[in-house]
Amino acid sequence: MITFLDFEKPIAELEGKIRDLRKLSGGDSSMDLSDEVDRLQSKRDRLLGEAYAGLSPWQKTQVARHPERPHFSDIVAHLFTDFTPLAGDRSFGEDQALMGGLARFNGRSVLVMGNEKGTDTPSRIKHNFGMSRPEGYRKAVRLMDLADRFGLPVLTFVDTPGAYPGIGAEERGQSEAIAKSTERCLRLGVPVVATIVGEGGSGGAVALAAGNRVLMFEHAIYSVISPEGCASILWRTSDKAKDAATALKITAQDLVKLGVADGIIPEPLGGAHREPKRALDALGEAVQDALSEMDGIPADRLRQLRRERFLAIGRL
Amino acid sequence: MNWLTDYVKPRLSKVIRKRESPDNLWHKCKACGQMIFHRDFVAAQKVCANCGHHDRVGPKERFEALFDEGIHQKVDLPTVKDDPLKFRDTKRYTDRMKDARNKSGDTDAIQVAKGKIGGVESVIAVQNFFFMGGSMGMAVGEAIVRAAEEAIALKAPLIMVTAAGGARMQEGILSLMQMPRTTVAVDMVKEAGLPYIVILTDPTTGGVTASYAMLGDVHIAEPGALIGFAGPRVIEQTIREKLPDGFQRSEYLLEHGMVDMVVHRHELRGALRRVISLLMEKHRPVFHQAAQ
Ligand SMILES: [Zn+2]
Ligand SMILES: [Zn+2]
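Residue numbers (the UniProt record's numbering), protein chains in the order written: chain A, 1 to 316; chain B, 1 to 292.
Hints may be right or wrong, so weigh each one.
[Said to hold, decoys possible] Below are the BS3-like pairs computed for lysine-lysine, each with C-alpha atoms no more than 27 Å apart in a straight line:
hint, chain 1, residue 1, chain 2, residue 2
1, B, K91, A, K240
2, A, K257, B, K81
3, B, K91, A, K257
4, A, K242, B, K86
5, B, K114, B, K282
[Stated by the list, open to error] Computed list of chain A residues with no C-beta within reach of chain B, every gap over 10 Å:
hint, residue
6, E50
7, F80
8, Q96
9, K242
10, S292
[What the hints assert, rightly or not] Okay, the calculated bits of chain B under chain A, using three or more residues with CB under 8 Å as the criterion:
hint, segment
11, 77-86
12, 213-226
13, 253-260
Just so you know, these hints were derived from the structure itself, not from any lab.
Heads up, the beta-carbon is just placed ideally off N, CA and C, and yes, glycines get one too.
Pulled out of the complex, with its shape left as it was, chain B reads as follows:
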């Protein structure tokens, strides 16, 4: 720690961020404090070269990392009613939405795209934690329904990359209703004989975990991700005990049988390709011809 990294760099980065290139900016790892060149950090898919900490990434980075050559096409998402409850806490929900939209340039906390994974046509939905904590309201629910329909129409696997604190409270009961609604959506994919694969990333909690995030044919978690139903603070308040180390982290879930594998971000594409290829065997035209 010195005045250069603590004071000059952040100020510099403010100035530079306003221009284009972030190449000579620094990233300070949230886990180990190591300073990493932003350019290197981005090239490493935001995994710390020093400690392996997986920082959060958005939909764009996910699509680029998971689809073959990063090539993909966005799926148009349905429009939903803004602020269905006219919700207001210390701030209006519409104002919170405006802020989130301005900051992200996106309409809500999820994006869906199609493309190939290991040559197999696939649909990926990615939750965006940077948009109101990835929270699940009507827009996220409708997008998942849309993603499921797209997967079924294309006879493609559906891959769900989760990242959310849970349901979006400002949509009240309508956010809770996304639990059964998304459950119907992924069940339609399963009924069509197509794989539904969940990639759990930091954090995945609440109503999201208690619905589509835990209903995958295969569950893949990124290292160190917080995954659970109740948030750690709520549990601590309820039981008035300190939580064990590593509680609700990916490795803990693996140990307790809730996920199939914990996969480093750099290995994700490979793991996904393999799983899809193995599960989509019956959909391969070559295989059918050979079998006849």
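With the rest of the complex left out, here is chain A:
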């Protein structure tokens, strides 16, 4: 059973009723409740469709953070073959909040990287809830060097609350590590497709998202600061996170309008977490399309186009 978000309460109730009715009719063949089940089922679909068509920015934030939303490991398992994870920054350590390696995507050799939040308590701790320390960004630089050297396209999947704010992270140069990762991404002579799959949290997201193409899942968010963080600074109370989410313009739909994202990947009815396979199929197609558009473009030109893409953002 999936985890329901607070605004999905009526849907959860309907699904509960449907389950109960099915159980009832299953136990007693003299009772035919299938008409009633169908009726409730279509009502549930309608409610779900309506709820998800009109998600507020704050509701989208909750969907983007949904614990069952497909994560990096699901993306790799579903869309890539021959995944060969590579570890370590060759300087201090291995950061499991940012995973990456060589793999095949539709048969083509690529470099794939992304944030991993984990799926249960032990793995969330292991992956530090998707919040990298400097070692993660330095590993990213190392992997991008490798991709550049061997002409492999770089595919990134962003899903992070942000870079980890801790003593050790600061001590080892969190800022420098993020800056260098962004810089390396912008210098690549290979195609870079970045997709915000869940949460694109601040600088920690930018470090992996300076791509030629930036795609977003329909209910993903990308923001300079979390709505809660923004609310506690500007409204002086995190209770205003809803208002902050709206004011910050963090949805995929807003970001396409602002020229920050290039395309939106549709999610199945009720969000990617309800039908992860279908969501990941759509993701695979969108990434392949973006990659195909860059076929045959020489290295210098790719770099130039990427620079121009970012310089054009927000200009009059």
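Let chain A serve as the given structure and place chain B with the ligands on it in line with the hints.
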């Protein structure tokens, strides 16, 4: 502490500030509490004579202190769209901007100028902490791009004096996009074979530190400046521990390998001249003639 310094002086200064000369005003050092004649404090570039505390200074003072004889020419900065998101928190962003503009007489949190440093044509960009905490939005980003273009056109080093809490939240994602945009800008300077020198001043945090502030060929920090990614309060809330003394201060960054040197404000011009002169050797016509 007495009623004279606590009560009379501030009231007096209010009256006097309205007129012209601030010469007989006092400055109370934020670090040690020492009272210093404002005139002396300004002459000392706002460094406390008693404890050495470096107080914040704005672009005008920086240009005057860093360019030869203080001579410089402002670089015109691009106009950007005001309030691109129609942002409103407890106040409208447009009202916050109006206030900041009225107070500073400036349009946004950065100024760019060109002039000579040790005889070498140079471009300096200075963030103004007094304008909405120096925060980085479209205007700051565009100014840095402009500064980079100017440096490249003049074959001049680009010097970036940072001072900012981070990105300007009221511009949302567009402020975040200044991280890659400014990274492109400084990379163009590097690609042109020109030095990009960062002078980190108090405070430099957030998205500013995690982009152009940490990408310099040489990093010079003023003593005691707060420099980091996450703000100290955010870290304390996350780890629920007290932070060590001197954490995220310039000297701590020097010790941890993030800056090349910590330089007293009075020595900054000298350090900058030396670094520029050494790095710009190949651009010196005399050297090229001698080599041929
Ligand atoms: Zn002072
Ligand atoms: Zn003092």
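Each hint, compared with the structure:
Note on K91(B) and K240(A): the hinted pairing holds, with a Cα-Cα distance of about 14 Å set against a maximum of 27 Å. About 15 Å separates the Cα atoms of K257(A) and K81(B), which keeps this hinted pair within 27 Å; it holds. Between K91(B) and K257(A) the alpha-carbon distance is near 25 Å, which keeps this suggested pair within the 27 Å criterion. About 16 Å separates the Cα atoms of K242(A) and K86(B), which keeps this hinted pair within 27 Å; it holds.
The suggested pairing of K114(B) with K282(B) holds, with an alpha-carbon distance near 20 Å, which does not exceed 27 Å. A cut-off of 10 Å between C-beta atoms confirms that E50(A) is not in contact with chain B; the least separation is 27 Å. With a cut of 10 Å on Cβ distances, F80(A) stays outside the contact zone with chain B, its closest approach being about 26 Å. Residue-level check passed: Q96(A) sits 18 Å from the nearest beta carbon of chain B, beyond 10 Å.
Against the 10 Å criterion, K242(A) stays outside the reach of chain B, whose nearest CB is about 13 Å from its own CB. Every C-beta of chain B lies more than 10 Å from that of S292(A), the closest at about 24 Å, which supports listing it as non-interface. Figure legend: the segment 77-86 of chain B, annotated as covered by chain A; annotation consistent (5 residues with Cβ-Cβ distances under 8 Å, at least 3 required). Counting residues of the segment 213-226 of chain B whose C-beta lies closer than 8 Å to any C-beta of chain A gives 3; at least three are required, and the coverage claim holds.
Check result for the segment 253-260 of chain B against chain A: holds, 3 residues qualifying (beta carbon to beta carbon below 8 Å, three or more required).
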